[in-house]
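Asks: If you're matching them up, the sequences are chains A and B in order.
For our numbering, count along the first sequence from 1 and bump the result up by 103.
For our numbering, count along the second sequence from 1 and bump the result up by 130.
Worth flagging that the hints you see were computed from the coordinates, not collected in a lab.
Where a beta carbon is used, it is the ideal one built from N, C-alpha and C, also for glycine.
Check each hint, because a few of them may be wrong.
[Unchecked claim] Residues from chain A that keep clear of chain B, each with C-beta distances beyond 12 Å, as calculated: (1) A175; (2) G177; (3) E194; (4) K285; (5) Q338; (6) R342.
[Unchecked claim] A partial selection of chain B residues facing chain A, derived with a Cβ cut-off under 7 Å: (7) V143; (8) H144; (9) A145; (10) H154; (11) C158; (12) D200; (13) I201; (14) E205; (15) A207; (16) R210; (17) L214; (18) T216; (19) V218; (20) R220.
[To be verified] Short derived list, chain A residues pointing at chain B, Cβ under 7 Å: (21) Q159; (22) E161; (23) K178; (24) P317; (25) G445.
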Amino acid sequence: MSEEIVLMKGNEAIAHAAIRYGVDGYFGYPITPQSEIIETLMEVAPWKTTGMVVLQAESEVAAINMVYGGAACGKYAMTSSSSPGISLKQEGISYMAGAELPALIVNVQRGGPGLGTIQPSQADYFQTVKGGGHGDYKLITLAPNSVQEMADFVGLAFELAFKYRNPAMILTDGVIGQMMEKVKLPAWQQRRSEQEIREQCPWATLGKTADRKPNIITSLELDSAAMEKNNERFQAKYRVVEATEVRYEEIKCDDADYLLVAFGSAARICQKTIDLARKEGIKVGLVRPITLWPFPTEVLYAYGGRVKGMLTVELNAGQMVEDVRLAVNGQIPVAHYGRLGGIVPTPEGVLAALKEKVVH
Amino acid sequence: MDKNQIIRPENLVHAKPELMNNNHMHYCPGCSHGVVHKLVAEVIKELGLQEKTIGIAPVGCAVFAYNYIDIDWQEAAHGRAPALATAVKRLLPDKMVFTYQGDGDLAAIGTAETIHAANRGEDIAIIFINNGIYGMTGGQMAPTTLKNMKTSTSPEGRNTQTMGNPLKILDLLALLDGVCLATRVSVHSAAAVKKTKRMIRLAFENSLAGKGTSIVEVVSTCNAGWKMTPAAANDWMVENMFPVYPIGDLKNI
């Protein structure tokens, strides 16, 4: 049988991948530029086939709390939104981190602050990887750079979320969400039965059976000594994630004198810049973090000892650049180039910035 | 009559519900929560629903409800219990799903979640404790605080010109097509307790039967927050709360 390759938007790929992966529930509220996710789900109507629940909530706040309720039952529960809506979800994300609940949140970023613009942006990097909600927690963060990765990362996000009992985010933007590309959708997977969930998630609130104590999903612990222990357990888990789950891509780095560091749509633009630079005899490579947390610190530190300088390219005023500088630890100069407010950099603009800020 | 005669099984007039454990209760003596917890535990047991029930606890005095009744529980963020319950019931349609919420949780910060869950007719039961005050945080004004009632954030009494009016949210909920039961009860007398137990049972049966959203508002006392003895709090409730929040069914279909 020939491979099933279709042409679709990144947002649509998320929806189709979720149905095929066996997701149990999607809960969302419309917001541009990601409304195609819930629209696609409503059109495909998976409740008639796989039994997946799709619900338009009254707000982003309600939607993330529905995800909490579903995740607490051990179900594959997800939501999606764009930057202003993701801000509203931060309360629920913090509670899920505190209650150690696995779930998927998709952020198809747009320019801020405030209502901002509906055009693409990467300005929620800090919000996503540095906290967002209250308390010491981490969000597993995947940054797709293609429609194919939009589809593939739905399954990967759930896999990692359930492996570590932690919420996971696909952090993408209006470029990847709206653009159309070829995509091979993931294989169909049966939704898990209640019995399978009981076996895989012994913590899930599916109704207390006689053979176990009540399952209680909560982030509350008033005893400070016990709460410190909870936090230490979370931190130990985060260290394991950092040691185990770093993902990144290296493009033309072997002979590079200079490195571009970019994720998502910015990384796609940088691939073109590499070609332009090499035509001019400037040997440039690209490191693309795929996981933004855990961040590829070690590989960037190693490149810090090999190349002459780095330029981070972001659709923001300079956010990931701070993590790149921490990773490189002063070995070489690290500069930033970004466009703001929904403007997407051009490959030529990136090359000009590289020459001006890094190549001397 | 010696002790051994007294404790004979046939002399038993009251027993701790089987589903209630021995954890030390944090509720103040005289508070209505303890009675309502007991009724919830009894009804779940009597309906044989221990393995089919998921409870959603609120933020407020009942935040630790999950410590006392041995069923599966989820602890919600403040006001969000109906959103959690929506997902749980949709994903596990054969379960009995209920929330247990206070007036601040249900009628202030969670108003949107409450009204929209009810408007969708989610097949959940909502046990709503209305004592007109924020007990857990030390006696601040609630959306249901009565006119001129003194609290720590309305020390001269609730001024309805500047602080709003007592919110009769059950009246709002009863208007919604998704609601099958909207009833006001209390637990200040033996007869009232019996009635309340019947309504909790009906709400749980409605959840199982998929009839829509059931709300049982228990007009309650907070003797500690009201700064009264339990007996005086009961009298004050009858005299002052019942005229604003009249006991009885607003909707029962």
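Asks: Would you settle whether the hint for C158 (chain B) is holds or violated, based on the nearest Cβ-Cβ distance to chain A being less than 7 Å?
Replies: 17 Å, violated
Asks: Given H154 (chain B) as an interface hint, is its Cβ closer than 7 Å to any Cβ of chain A?
Replies: Constraint on H154 (chain B) not satisfied, violated at 13 Å.
Asks: Holds or violated: the hint that H144 (chain B) contacts chain A, with Cβ atoms closer than 7 Å.
Replies: 24 Å, violated
Asks: Would the non-interface assignment of R342 (chain A) survive a Cβ cutoff of 12 Å against chain B?
Replies: Consistent with the label, R342 (chain A) stays out of reach of chain B, its closest Cβ about 27 Å off (over 12 Å).
Asks: Was the hint right that G445 (chain A) lines chain B, CB cutoff 7 Å?
Replies: 30 Å, violated
Asks: The hint names R220 (chain B) as touching chain A; please verify it with the least Cβ-Cβ distance against 7 Å.
Replies: 5 Å, holds
Asks: So is Q338 (chain A) really clear of chain B, every C-beta pair being over 12 Å apart?
Replies: 22 Å, holds
Asks: Grab the minimum beta-carbon distance between E194 (chain A) and chain B and tell me whether it stays above 12 Å.
Replies: The assertion about E194 (chain A) is violated, with a minimum of 6 Å to chain B.
Asks: Going by Cβ atoms only, is Q159 (chain A) closer than 7 Å to chain B?
Replies: Violated, about 10 Å.
Asks: Could you check if P317 (chain A) really has its C-beta closer than 7 Å to a C-beta on chain B?
Replies: Holds. Min distance 5 Å.
Asks: Can we confirm that no CB of chain B comes within 12 Å of the CB of A175 (chain A)?
Replies: A175 (chain A) not clear of chain B: closest Cβ-Cβ about 5 Å, inside 12 Å.
Asks: Grab the minimum C-beta distance from K178 (chain A) to chain B and call the hint holds if it beats 7 Å, violated otherwise.
Replies: 5 Å, holds
Figure legend: structure checked against the earlier numbered hints; hints not met, in rising order: 1, 2, 3, 7, 8, 9, 10, 11, 21 and 25.
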